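S.K.: Residue numbers (the numbering used here), protein chains in the order written: chain A, 1 to 98; chain B, 99 to 575.
Everything hinted at is true.
Restricting the straight-line Cα-Cα distance to at most 25 Å, the calculated cross-link-like pairs of lysine to aspartate or glutamate (DMTMM-like) are:
no.	chain 1	residue 1	chain 2	residue 2
1	B	Lys177	B	Glu108
2	A	Lys91	B	Asp183
3	B	Lys186	A	Glu77
4	B	Lys227	A	Glu77
5	B	Lys566	B	Asp514
6	A	Lys61	B	Asp374
7	B	Lys308	B	Glu353
8	A	Lys11	B	Asp366
9	B	Lys312	B	Glu275
Derived coverage of chain B by chain A (criterion: at least 3 residues anywhere in the stretch with Cβ under 8 Å from a Cβ of chain A; other residues may be distant):
no.	segment
10	110–119
11	130–142
12	369–378
No lab work stands behind these hints, which were simulated from the structure alone.
The structure displayed is predicted, hence computed values, not measured ones.
Cβ atoms here follow ideal geometry from the backbone N, Cα and C, with glycine treated the same way.
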Amino acid sequence: MSDHFSPEEIKYIARLARLTLSDADVSYFASDINEILRYVRKLNELDTDEVEPLAHIIPLKNVWREDEVKESLPVDEVLSNTKYKRNSMFKVPRVIEE
Amino acid sequence: MDYEVVIGLEVHVHLKTVSKIFCGCSTKFGAPPNTQVCPVCLGFPGVLPVPNRLAVELAVKTGLMLGCEIAEKSKFDRKNYFYPDLPKAYQISQYDMPIAKNGRVGIAVEGSTKVIGITRAHLEEDAGKLVHYEGANESGVDYNRCGVPLLEIVSEPDMRSAEEAFAYLKTLKAILEYLEVSDCNMEEGSLRCDANISIRRKGETSFGVKTEVKNMNSFKAVRKALTYEAGRQVKVLEGGGEIVQETRLWNPDLEKTIPMRSKEEAHDYRYFPEPDLAPLVLDREWVEEIRASLPESPRDRTERFLAEYGLPEYDASVLTAERGLADFFEECARIHTDAKAVSNWVMGDLLRELNERGLDIGACSLKPGALAELLKLIDEGTISTKIAKEVFVEMFESWKAAPEIIREKGLVQISDESELEKIVDKVISENEKTVGDYRSGKGKALSFLVGQVMRHTRGKANPKIVNKLLSKKLKQE
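When you get a sec, could you build the whole thing from the sequences and use the hints?
M.R.: Set out below in structure tokens:
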């Protein structure tokens, strides 16, 4: 990506996020996002050649658990937040990869 | 024109943990839909994934066995895409810091060893399963599989034929089974394989345009699909066309690869570090401990079978292809020391019975000791080899021990010379013509007469003694 987002790039990002934007939205977000980028670009002035890329902001490592089975949710509860269900499954628009 | 095929494989294996990679839900296969899910694997807001230490250990173990460098520092990343099998709209995977990289696997190709490079092996979570309702305009989603730990093993594009890809896959499966890190069951989806395949003119050094082949649900399908796809690409080029970079699905009914119609955008996964997970620092001491605990590799075991048991190369490679089979053989050969005889029975009769029942060696009810006992009965002359084959099938079916079957069915070999002599005399008197043939020099006639004795004794006559008696009597008169 360049340091300036074109309306096409804004539309592309919106499409990846499954957002529908009107032309007015596109120009609004283009200027908004470019404004944010301009602000953040300040960081480019720092010399980070000797700095290791940060993977996590908190200095933690190896936070893990042992391989033990815990109880899962009852299936009624699993499906309680949706009205789109069928045979204990979540119902979604037809997806078929052919 | 001569073309060369270039293949690289991406293999996904379920790691053998009892719980999922980031939550405590069970990984057991075949449970009713959505009964092994929780807020974490359903991607509810505000939950925190916590890695399963065993999944990391199994990944390290596999990486070591594949000769990989194990990263000191590794981390998880989000791979973003919308698809209903992924409730968070991203998959937790690894992008630029995989657990293992730069390994290799030796495969047997036409009697020599070829080394296939392993680019990387990384941990990720599996996605849910989509079920298409026939005739309806909707699909169902079962998230039981979502969050099952996967290790993705990516090879270099080092394979030059569908046969080599098949050999690589078989070798990899054997290694994973030896390590006991995965069940490797392609039917249950615990081992899945996608291929990148392209062709180029022989001698060319740059790669051609590749296609990705998916939906190969068995080892045989991999071989067939890649053979088909290579042939298809040759035809396209020969016809003056161009290969289109695309994903193609293997259709086992049509035996063709078909371009995938997908509404997905050009894949742009926007990987970024997973902020919910702390980085992994793989302690060198721990890695060395795991290295020290690695079992003998299938190739080492093959070598040992050649040296220790004096088996032919073919036997050694068949027996060691599956850990269970090699274990069965060794256990049996420990009791019955005629290793070649054991090998013949294991590779022949045992594998045949298992195949006929669609069983693998793990599900074999027959124990190595039972086969050893049967072989001992042959050596002692209690039964003939021919009868032993019948007894073996019976052992498989009835779970009874050999001596019991032999006793019940009255199959004990007749080695009593006076008893056999009576039958031999009878056969000689009944078959004057054949006897005449034999005496006029037709050696083959003898085996007919032996067969007759066998028929009279329902196969129980000791063939050595029958042969001896017949030859003696035919010469005398």
